[in-house]
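Kindly generate the complete structure, drawing on both the sequences and the hints.
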Amino acid sequence: QQQVKQSPQSLIVQKGGISIINCAYENTAFDYFPWYQQFPGKGPALLIAIRPDVSEKKEGRFTISFNKSAKQFSLHIMDSQPGDSATYFCAASNNNDMRFGAGTRLTVKP
Amino acid sequence: DGGITQSPKYLFRKEGQNVTLSCEQNLNHDAMYWYRQDPGQGLRLIYYSQIVNDFQKGDIAEGYSVSREKKESFPLTVTSAQKNPTAFYLCASSTGTSGATDTQYFGPGTRLTVL
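Which chain is which? The protein sequence lines are A and B, in order.
If you count by the numbering used here, then the first sequence holds residues 1 to 110, one letter each, in order.
If you count by the numbering used here, then the second sequence holds residues 111 to 225, one letter each, in order.
I should point out that these hints are in silico values taken from the structure, not numbers from a laboratory.
Be aware that one or more of the hints could be misleading.
As the list claims (entries may be wrong) - If you want the footprint, here are the derived chain A segments under chain B, 3+ residues with CB under 8 Å:
1) 31-42
2) 45-59
3) 95-103
Unchecked claim - Below, computed lysine-lysine pairings styled on DSSO-like, alpha-carbon distance capped at 30 Å:
4) B:K167 to A:K57
5) B:K193 to B:K167
6) A:K58 to A:K68
7) A:K58 to A:K15
8) A:K57 to A:K71
9) A:K42 to A:K57
10) A:K5 to A:K109
11) A:K5 to B:K167
12) B:K181 to B:K167
13) A:K5 to A:K71
14) A:K68 to A:K5
15) A:K15 to A:K57
16) A:K5 to A:K15
17) A:K109 to A:K57
18) B:K167 to A:K15
19) A:K42 to A:K5
20) B:K193 to A:K5
21) B:K167 to B:K119
22) B:K119 to B:K180
23) A:K109 to B:K193
24) B:K193 to A:K42
25) A:K42 to A:K109
26) A:K109 to A:K68
27) A:K5 to B:K124
28) A:K71 to B:K167
29) A:K71 to B:K193
30) A:K5 to A:K57
Every value quoted in this text rests on a predicted model; they were computed, and no experiment measured them.
Every residue gets a Cβ at the ideal spot worked out from N, C-alpha and C, and that includes glycine.
Given below as structure tokens:
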């Protein structure tokens, strides 16, 4: 049973556009929601993370929006750049039990 | 230079052979994890360890074994009982405490191919 559902599976955005990736979770015990960025052949790297006591967190061009009542959270990448082309994973965690979404392959076209 | 190292980067195995993947961390983290990554399926947990000499099965432990004799090391053995071992294997570590320090840091991965 997939505890974190991520969409879309793939996304193509023009340079300078906004990339939006969505995730939904089921377990209300989750209390930590990170996003990871992975380049081909590399391990995932933490991009940004949020806890459920805030509805939004912004770091540079990356923003997490969090809706606790809907059990949904999303990643927004502003002014998307070709260097942002990678696979993005959302995750949800409680007490070190971390569940990952299936990933979104983002391609930013120049 | 702190971090997680995995070796080898690429590994080829003949059917019926056991292979061991190495994972070492110098972050002084208590918890360590092994994930398997297949295309379109995200990361699936194989085994995890929250303290030395203790480990628990994850969602897909069948055909795998681990040990945690040292805090810094968490090797994974892929046994011949694993029916479809070709995948990208990722090791991660975290401080082991709950809350904001749940962050898991990943190694560069090992790509295992069964010939």
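Hints, verified against the model:
no., hint, in the structure
1, 31-42, "holds (count 6)"
2, 45-59, "holds (count 4)"
3, 95-103, "holds (count 7)"
4, B:K167 to A:K57, "violated (34 Å)"
5, B:K193 to B:K167, "holds (17 Å)"
6, A:K58 to A:K68, "holds (17 Å)"
7, A:K58 to A:K15, "holds (20 Å)"
8, A:K57 to A:K71, "holds (16 Å)"
9, A:K42 to A:K57, "holds (26 Å)"
10, A:K5 to A:K109, "holds (26 Å)"
11, A:K5 to B:K167, "holds (23 Å)"
12, B:K181 to B:K167, "holds (18 Å)"
13, A:K5 to A:K71, "holds (11 Å)"
14, A:K68 to A:K5, "holds (15 Å)"
15, A:K15 to A:K57, "holds (23 Å)"
16, A:K5 to A:K15, "holds (27 Å)"
17, A:K109 to A:K57, "holds (26 Å)"
18, B:K167 to A:K15, "violated (43 Å)"
19, A:K42 to A:K5, "holds (23 Å)"
20, B:K193 to A:K5, "holds (27 Å)"
21, B:K167 to B:K119, "holds (24 Å)"
22, B:K119 to B:K180, "holds (22 Å)"
23, A:K109 to B:K193, "violated (39 Å)"
24, B:K193 to A:K42, "holds (25 Å)"
25, A:K42 to A:K109, "holds (21 Å)"
26, A:K109 to A:K68, "violated (33 Å)"
27, A:K5 to B:K124, "violated (35 Å)"
28, A:K71 to B:K167, "holds (27 Å)"
29, A:K71 to B:K193, "violated (36 Å)"
30, A:K5 to A:K57, "holds (21 Å)"
Hint compliance for this structure: hints 4, 18, 23, 26, 27 and 29 are broken, all remaining hints hold.
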